[in-house]
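For the sequence shown, the UniProt record's numbering puts the final residue at 321, and the numbers step up evenly by one.
It is possible that some hints are incorrect.
Said to hold, decoys possible - With beta-carbon atoms standing in for the labels, derived distance ranges:
id, residue 1, residue 2, range
1, 112, 211, 55 to 63 angstroms
2, 75, 224, 40 to 48 angstroms
3, 205, 227, 33 to 41 angstroms
4, 308, 86, 49 to 57 angstroms
5, 19, 168, 45 to 53 angstroms
6, 24, 213, 44 to 52 angstroms
7, 86, 212, 30 to 38 angstroms
8, 296, 150, 22 to 30 angstroms
9, 87, 254, 47 to 55 angstroms
If you're looking for bench data, these hints aren't it; they were derived computationally from the structure. The beta-carbon is built from N, C-alpha and C at its ideal position, and this holds for glycine as well.
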Amino acid sequence: MGRPLVHTDDLDELVSEVTDLMSTHTVAPADAGGFIAEVFGFHLPGLSLLEMDYGMAVRVTAEPLPGYVAVSMPLAGSLTASHQGRRFEAVAGRSAVMGTPASRLVMDWEEALRLLVIRVDLEALQSFAARLVTAQLEKPDLQFDPVMDAPETTAVLGQARLMQQVLADGGTGAVNPLVTAQLREQVMSTLLLGQPNNWTSALRHRPETAPRTTISEAADLMQTHADEPLTIEGVARAVDLSVRALHAGFRRELDRSPKQYLQQVRLERARADLVAAEAGSGVRVIDIAHRWGFSHPGRFATAYRHHYGEAPAITLSRRLR
């Protein structure tokens, strides 16, 4: 669930601490009585994951969210929300609330509710949307539908769970920034391409055609800076393309996506490190995998075996003998 951030039976303390995590809001209990509220979570640049269990039925009222959007997904129980002139229910496993700066957000939580909230900085989301559509730096005035239905809820929840697993294994300070940058970009992509918004048609429009020389430049950039926290958005910006044009160009010229190409480059660098390992150095497969942005040892081993026909441990042991 993440690091413990809040644990209290005092309403004023609860509101104060969650305000620091999110923004100004009020919490009105539906009934008098004791409770124990808990919040767990992680913070990354531009994105936070919070799991909340207040142990009581409450009404949460927030003014228009200042500079961020928040996906509120029931993990157990349900809530009823009023946002952007609509009133609707969000139920565990079926739907969620997309809170935005467009209007006040009011939510009635039932006592059994356990909630996962994904907080995404709006400026980062706008910048990523602009890069998906065009090579220009203009930032769109994004407006999202407040109701998130089952397919999008399932996709976002799966990505959030993966991110929680990765962060829980090492903590935000220990996780390779190559990994966190990719995870954050995946969440933003899902929100922009899956959740209906005023840029949906532009995001799905056929991208411009990227010159072959520009795709080569992007590939060279990945080769040269594979040890840095590259994102596909950053590579596209560097070669003055939209993300979608970069993706289409890689598919056309290299028969793979930019992400697959970058993974292949990093696999090659990891293999080179395994082959170059010196006896007595104490180097481990997991150290090399982490250095090149592979946070899950099992997935690294599977990808390595697929490309090189042997487990990375075999490559390393052969060198150390």
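| message | Of all the hints numbered above, which does this structure not satisfy? Sort the numbers upward. | response | 5 and 7
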